[in-house]
Amino acid sequence: MADTAVAPATGHDAHDDHGAHHSSTGLSNNKLAMWMFLGSECLLFGGLISTYMLYRGRHSENLGPDQVWDIPFTSASSFVLLMSSLTMVLAVSSAHRKDDRNTKVWLMVTALLGALFVAGQVYEFTTFYREGLGFTTSLFSSSFYTLTGFHGVHVTVGIIMLTSLVGMIGKNRVPGDKAETVELFGLYWHFVDVVWILIFTLVYLIPA
Amino acid sequence: MAIIERPTDTPAVVSPDAAPAVATPATSYGVFRRPVETTGWKSWLFTIDHKKLGIMYGVVAMAFFVIGGIEALLIRLQLAGPDGTVLSADAYNQMFTMHATTMVFLFVMPMAAAFANYMVPLQIGARDVAFPRINAFGFWTFLFGGLFLNTSWILGGAADGGWFMYAPNSSVAFSPTNGVDFWALGLQITGIASLTGAINLIVTVINMRAPGMSLMKVPIFTWMIMVVQFLLLFAIPVITVALFLLMFQRSFDATFFSVEAGADPLLWQHLFWIFGHPEVYIIVLPAFGIVSEVLPVFSKKPLFGYPLVVFSGAAIGFVGWGVWAHHMFASGLGPISVAVFSVATMAIAIPTGVKIINWVMTMWGGKLKFTVPMLYAVGVIVQFTIGGLSGVTHSVAPSDTQQTDTYYIVAHFHYVIFGGAVLGLFSGLYYWWPKMFGKMLNERMGRWNFWLTIIGMNLTFGPMHVLGLQGQPRRMYVWTENRAGDGFFNIGFWNLIASIGAFVLALGVLLFFVNIYVSHRKGTQKAPLDPWDARSLEWITTSPPKEHNFDRTPTVGHLDEFFHRKYEDRGEGDHHDYHQVATAEEIIAEEEAKGDSHIHLPSPSYWPILLSLALPIMAYGVIYNIWLIVGGAALALLSMYGWGMEPHTAPDDDYDPPAAGTELEVAAHG
Ligand code: HEM
Ligand SMILES: [Cu+2]
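Protein chains in written order, with this note's numbering: chain B, 128 to 335; chain Y, 8 to 677.
Chain Y with its partners taken away, still in its complex shape:
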């Protein structure tokens, strides 16, 4: 609901410009009256509240995490012993393709979007994002795109060309089911979600910061999210082009990848990796942001070299555009290109290393407190560094030509993605859970969760270094005993270990879900307002935050604003001596007392979900029937008109049923 009347003692101040910017006659609101529900399923379906959308992103991402995880377990079951029979060669191809696609596009990216949606407005002291309806559209588009992609399983088989879907292998001749069509169209749809999300969050961070929050006072998580959104803004259109070419190739017999017609197979590779390498930073930078929030809190020290962390994040963002061809060292690019991209790739390890040093220095000499979020953050430092080091080994082109397309690469990217991104996201889950749900996750169970995950991931991905250097190719659906080698290097042994590790890892993740259940059982305590002694703005409000986030828009004087409100520096010169002067309860109570008495929030809307719904309909149309395209396009057009004509903040008489407080509102606005 959009109008919030806070009962306060202070009289409502009604200033002249309190009226809506444009006075619209009562007939002009749009087609439907605005939904008004604040509880029940409708309040979720039509919501434009960034917090609700954040939670929905998180729930759906977790569901896809489970699906992607099951696919991974099937892969590891197949490879656990020689001559595996769990999956056919065909099913195996679909499994690894969909595993990677699901994990990257439907778990890690949306999970980062969940935190970005929920936390960015709170961290910058805003009441919502810049375009709340576009935000809702982004979520539904992601959800429908993900579902669309996965319906391929029951409609003739999923995509089977690997997550980078090299041409011409992706052509109809080599992949005759509709799987690749579903893949291309599904990613196109989720791409739209990412692109609109990127524009929305960039504008939000640039334009909606609380008074006093200069760019160098923006919390580090929000900074990293902003870098990611810029990467998305420029990377998504490149894969969009690639996916269109692929779709035209498959559905309309275009010739872009027909080698017999003279096509250049490297075209796809270039387009894919120009998107693909920035994508790996899209995957990992949000987690870096989380780690950079968590470490200072549990080290009781400010982030070491905040400007440097910001700068190295931005530097990664820039340099990340110049290294894509390191994925193509073995494709015959020519010695000069290979040399240039090899050196550029080595260079990118520098800003990455800078971040690691900053984290270690943050912990150095701090009063460390190893809570579960902190354990995960430290886990990131250790595991990601291992992955970064193997990355540097394949930045050396001659060595990479030995490693490429082997399990060594699989080991590398799992250490960086699981060890960097996923552990970081879990750190964020444990850290922000009390903020988002008002309950602490159980710490004891969290420790089990953490250690099983760490042991599991090292058992799974560690042996893959050995397997790869022994020459086991990636994407090989079966291995045989008589070529497995002997002794320490017997690939049978290491494959078995990796498979056992995968189940340990799965058990670890399962414990997370058990933990949610255990922590939310009846009778568990409500979380304190400031359980971790946190530092940034999102904690200057209740947990979970009210619909309008802040009773009063906070005014910011420091990076780590919340910390500086709680503690006073009584030291002299460079020597700091912090004394607590206020508790979180007091600070929040004060904000509440001085809060605005009359707050207008953007109103829920029917249009975002309707517009999103049009996209998969059109996509099915491309595959099955042109009339579906027409129908979908009609729905899209109608929704856009409906959307275009309704104001983002509804006048008070535009609710169905009329909103409470209407009369007061009308009176106040004259």
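Chain B on its own, in the form it takes in the complex:
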């Protein structure tokens, strides 16, 4: 036992091995877990994007990408989503300042911007559908709706989480470190935004 390198970090007060306060790397468990989850999500979207890229030109006589895109509209909704990342940053910084009121406000604004984006997507989908692009119309349409639909579901889940978080902060029912919880939600939200930038570029901007 001569070369014991590290003394017990917590000794007798090691009441709880699961909190954020002690870990081998110094990173909190929650944050590490969120990073791992997002790493995994990269492959989920990787698979969906690959499927779309493989199939985007396959629509035989039916509507193709160039005939349905409304680039100005989608650019606007993309901008809305990007702005929501900004407000998320403001929420996180308020949370770190322990400013509950502003945290709630910015989280709510973030959720609203997210909702606006989802509404835009619903509008877009309905328009495409009216123009004759159904889910089962062609390989292109199936893979387009699947990819963007998955992203939309991610945003929707994010909105539900944000509004729940606002409620929980309001009632002071967040277990654990509040600022860290907000930060974790922020990580997820930024990730979903980054994925959208990728989708917007690959799906909408680069011509098929």
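If you're looking for bench data, these hints aren't it; they were derived computationally from the structure.
As the structure is a prediction and not an experimental result, all values here were calculated from the model.
Any given hint could turn out to be false.
Dumping the calculated BS3-like pairs for lysine-lysine here, alpha-carbon to alpha-carbon at most 30 Å [claimed, not checked]:
#, chain 1, residue 1, chain 2, residue 2
1, Y, Lys529, Y, Lys553
2, Y, Lys601, Y, Lys59
3, Y, Lys529, Y, Lys601
4, Y, Lys374, Y, Lys529
5, Y, Lys376, Y, Lys308
6, B, Lys158, Y, Lys59
7, Y, Lys308, Y, Lys374
8, B, Lys158, Y, Lys376
9, B, Lys158, Y, Lys446
Chain Y with the ligands: place on chain B using the hints.
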């Protein structure tokens, strides 16, 4: 139960930060009060103890092993003689599909998860995993997913497209029952279990190691488990995508695999095998970890080249991502792809070979002791090597085009999976049984168990090399005498041998269950604390370990910490001369004496099992009725809220009925 008061002489040290990180008002605990049972069925249903969950994983995996085994025996009965009539063509298709799916997803992977859950926290000196409730959620999700999948048998027929479920064969036109739907949704559910488990274990190993345990002092089993969890983390989402596409294709008429609409049938193959090849290492690396623990113990030598074993494990993990298309050599990929994947596949044999050399060198010059776990470990070396060699023969693409879809492939993967993974898992069962249950498994019976298994597996899978090279296709439900060939190569003879072997193998496995019974009969001795003269941290505690694992969080100075506490090196320079300076009993007694007097463990919870329950309900909804989806989603949402609002470690007045020691707790925390 969550609060443990150890009666010790040392006064309880209450430091200022002993209070919970966040002081929550008494009204804010959540919807239910926390379950408090420590015995009876409720203590299992709502447990978040990694040891209990590990045992549950093991029990359920074993049950699925039996089911998968029965399916295999039916297959071999059908093929034992010409013109078999045991199974119809349709039933046969379902049988081989469900056999493989069950064995891979419901036996080998969960069995590895059982050991990972039980042993990883113990091996790194932690009191539980990083997210105990997510751990419970993972187990129930796996169980419900497996049950869901198997209900297809009584709901119109099981999946019948083979375990890799190639498109477009998996479309409704070719597989009109709901079998494939059950398959896609069932694997989706068990995938969630694997993914949450992966995140949990990675964080646990990275963040919760005992003081002093640097990454290069982490026991080798835990290392291999960590590599596997990274493989799962990145492989599961790929099959998730594939399964979603398949589900949309079948349930919502999407066109992903409709060749008439211009779909590319290779899309499925790529997605499946990008998952599928890493999957084979997900299957085998835990067993490699076990073998690497067992060999040193019974050779009385440290693992030869530990860093190399770690590194080659990680290398397999990396290179494993670049070889998936070797499953597609016959699909018309084009010469360049085939050449690249062929060479990459040959390359992966190198880190695999490195491991085998390390094992042999570990045994070299050691004081070998052939206990049952050791027999199984040596069995792995021999049998897996045979499978690895046939693997190299089909890394050569021109030769593989002869072998692919024949019994030769079936021989290959059974030597690597049964010979590598399953034998390794049995080695682990015999090795860790006294740790987990405090009783030794009977060694004599274990030998019978081992030898029957080995003879059985070679009789079963050995002849398949011959059958395959003779051209017997895999998944052929019947063969006829007049095309069986003559003399040595008569496939009738070899098919019969294989079928006989399968029953010998089944008998061998049966003996394992008999052994459990025999070893736990009344009057059998309690196992000694250190029956094998073991080396790693999980043995520095009682058997079975207490609920809180360690009375005192051990401080680690060495790889093989336990060994170094027992033995002192009196040699000079490179010459080692170990003398025993302490017994296990003494070491554990010391830990106990210096233990923490007041330990907070995470508390049981109702939410994990409820959330898991929502998943199969939604899955039935996809197949039968949209309202079930809505109901399931509502349950899921409610459970998530309940979960989200309860702290992982309950304050002491949040128990139903209130926990013992409550008053003391409240007083201590002010
Ligand atoms: C030395 C290392 C290995 C090499 C070079 C190798 C090579 C291959 C190749 C080229 C194939 C495709 C053959 C075909 O379908 O025509 C194959 C199939 C297979 N291998 Fe391996 N393999 C190795 C190790 C393993 C291990 C460790 C496992 C699992 C524990 C494994 C499991 C499988 C399975 C399950 C299949 C068949 C999949 C199917 O078609 O259903 N292999 N192997
Ligand atoms: Cu492979």
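Contradicted hints - numbers only: 3, 4, 8, 9
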